[in-house]
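Take the two lone chains and join them into the complex the hints point to.
As you go down the protein sequences, you meet chains F and W in turn. Numbering-wise, the first sequence is residues 101 to 460 according to the working numbering. Numbering-wise, the second sequence is residues 8 to 88 according to the working numbering.
These aren't lab readings, by the way, just hints derived from the structure by calculation. The structure displayed is predicted, hence computed values, not measured ones. Heads up, some of the hints might be wrong.
[Said to hold, decoys possible] Residues from chain F that keep clear of chain W, each with C-beta distances beyond 10 Å, as calculated:
1. G127
2. P129
3. L147
4. A227
5. L231
6. I294
7. L346
8. T355
9. H421
10. I438
11. A445
[Said to hold, decoys possible] In silico SDA-like links for lysine to any residue, alpha-carbon gap of 20 Å or less:
12. F:K290 to F:F268
13. F:K326 to W:L36
14. F:K106 to W:S44
15. F:K326 to W:S37
16. F:K106 to W:P38
[Said to hold, decoys possible] Computed beta-carbon distance windows for the label pairs:
17. W:W83 to F:G354: 50 to 60 Å
18. F:V343 to W:P74: 32 to 42 Å
19. W:T65 to F:G371: 37 to 47 Å
20. F:G424 to W:P74: 47 to 57 Å
21. F:E178 to W:E86: 43 to 53 Å
22. F:A253 to W:G76: 30 to 40 Å
23. W:N57 to F:L372: 50 to 60 Å
24. W:W83 to F:K326: 21 to 31 Å
25. F:N241 to W:P74: 19 to 29 Å
26. W:D54 to F:A227: 38 to 48 Å
Every residue, glycine too, gets a C-beta built ideally from N, C-alpha and C.
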Amino acid sequence: MNNNSKTGIIIAGLIIGVIASLLVLFGNPANMGFCIACFIRDTAGALGLHQAPPVQYIRPEIIGIILGSFGVALATGEFSPKGGSAPLTRFAIGFCVMVGCLMFLGCPFRMIIRLGGGDLNALLGLAGFALGILCGVFFLNQGYSLKRTYRLAATEGVILPAVAAALFALLLLAPAFIHFTEPDGGPGAKHAAIFISLIAGAVVGILAQRTRLCMAGGLRDVVLFKDFRLISGFAAIFVACLVMNLILTAATAGTYFHMGFAGQAIAHTDGLWNLLGMFTVGFGAILLGGCPLRQLVLAGEGNTDSAMAVLGLLVGAAFCHNFGLASSGEGPTANGKIAVVICIAVLAVIASVNTFGKKE
Amino acid sequence: MNCVITFFNHFGAVRYKNEAGRFGWNVQLSPVPRSLSSSCGTCVFCDTGNDDPLGFITDEMEQVALPDGGGYRIIWRAEDS
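If we strip away everything but chain W, and leave its shape as in the complex, we get (with noise of 0.2 Å):
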């Protein structure tokens, strides 16, 4: 599954990239795109495979989305954000 995951700040990204390595995910940083929010910080798109991406939550994430035609839909937001 393809997914977008936004943070809190960048070196949660850099966390995730290393961390989520262990599962043999394919994990880019890259800036976060404008059409899912007006942040300029880090996200990274994720390619999880078969596995589910929500399966694996820090601390550190903002939000997790999945594309969506032209845009993407938001499928998980860190509670108070």
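The following block holds chain F by itself, in its conformation from the complex (with noise of 0.2 Å):
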């Protein structure tokens, strides 16, 4: 694959829109295929850092987006241990982009899953995405910075990759301590075949690292440049999701696209914290420098910024669970509205301190 080309990206982009539909015929949550946001809270739920008893559940596509990412930078010289840019405010702008995806329900990868399902209030996501997206790049604009990496040493980059691994064999053993939830209990009890899913998370991890396919990067990279590279392969997840969503309704007894707002699995109607919620995530995003599967993929190329930004991710989906922050299908809840707003304030406070506290 010509990794410089929109057609690599395009074609990278198909495929990981028709796994993404595949996994939820094979068990996965309806329009929820990959979630980043949600498969790291159901982890953390399996490791009881939240007690919500229906998403506790060691997604095994987390670990192969993070493994696969691992092998194929391994693979291709590619693999480049560094860290030391801001650590700890990462963790923290990954805290508040996972309140703004449980406010949603969705990363920016379930939100274009979903519209491909034809859930609309994925429409409010995706503006309050864009908007957020364009607050970051005003930011990067006026001279938002987290300062530079710097080398490390091997051992650093592969710890997160070795905690995934580690985190595989929890879920093959399935120790008493490894939360799971019962059968018919939610949305944890709902995936496909362990192998399956890990394997699917591996192929989107190496197709992402190839491409560097990133939602927020997408975006950001239109209104910065005018580049629509990135953005091709968020378009080409979406095409490929309706279609086989449409495919997989005629074809099957189940139902995998269902246009309109009412009704639509795990999601809510009330589009004033869609698009709040996603405006957290979208700012965020720039702030770190890309969306949670970027992250991810990052985090298995070595660089343990994002590794701080994955953790920041995960302790937030514990908190979200735990304080009652995460949204339902009911809706927001009013801990959640009160904790995005703090989030866009904390994000606002971040980025104002790193670009026009640090001017020369």
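Listed below in structure tokens is the structure:
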């Protein structure tokens, strides 16, 4: 694959979109073939970091993305352990991004998947995501920077992939201290077979590493450079999901495409908070330099700053469920609304301090 | 001389573009070419005329590369990067 070409990223996006739809056929929750935020949240629950029984499962897709990226980066000489660029700030941004994701009920990747399933609530999410990216780009152009990274020892870059491998062992061994949602107990009980999920995640990790697929980067490059390469991958995922969902709806007994606002799977209809949730995600993703999927891929390449962002996502997910911040199909919670407003304020402070507070 | 310069952050590229203008160099901001790096940040494509691009190095620069066949050859890299 010519990884500079738009064709390459479009093919990758189509493959990823097909995989996302097939994962639902194989058992994942509806409109959730992939969701980085939800799957990290489920993993946090499995580890006992939160006590929400419906969403507890070590998701092999997350493990696969990290290990896929790690493997292909090693094979191509692009494994590059580095870090030191404001790690705790990145942790905090990752936390805020997760709060936004769980307000909307999905990461940018799932937002596209939801659109491909006909969920029009995701249009509000997309609008918020784009506004958040514009906000982030404003700060980028004013001088926002978390300062440079430095080369690190190889062991630093291997830690997160090793943790991912250990999580996979825990999933297979299923010891008593790992929590799993009871059958029919909620989204955590809905999953494809372990090795199907792992392979699907690995394929996505490999393709995303080779093409640099990033939901936030796509819109950012359009705004900054009028460059449509990354966003074409974004569009390809949508098209593949849409077509696959229509085919699956026609060919199976299930409903994979249902256009409208009401009655969507694992989604709510509160437009304002869908918008503000994804605004938080878009803003945070630009401050981090990539969406949650991109953070996983970069962490697999050995970037410990991105690993810190992933840890922020994990802890953020635990907080969201321990303190009633996460939305449900019934809608957002009062705590969640307060948390999103606080997170937007925190992101604005981080952006301002690292833009206007560092001018030489 | 045509070269590609990558940076540790987006604004480093913006600042470089503004400052390199005083040498009369032709500088364009762009996404980093995939064949140069797996980073998805901002780079500059720079035509320095007869000047040596290594004559102007900033703290925010990560690497300088020259087009080489279908890819790039790195001629300078920041310490510890």
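Enumerated hints in conflict with the structure, sorted upward: 21
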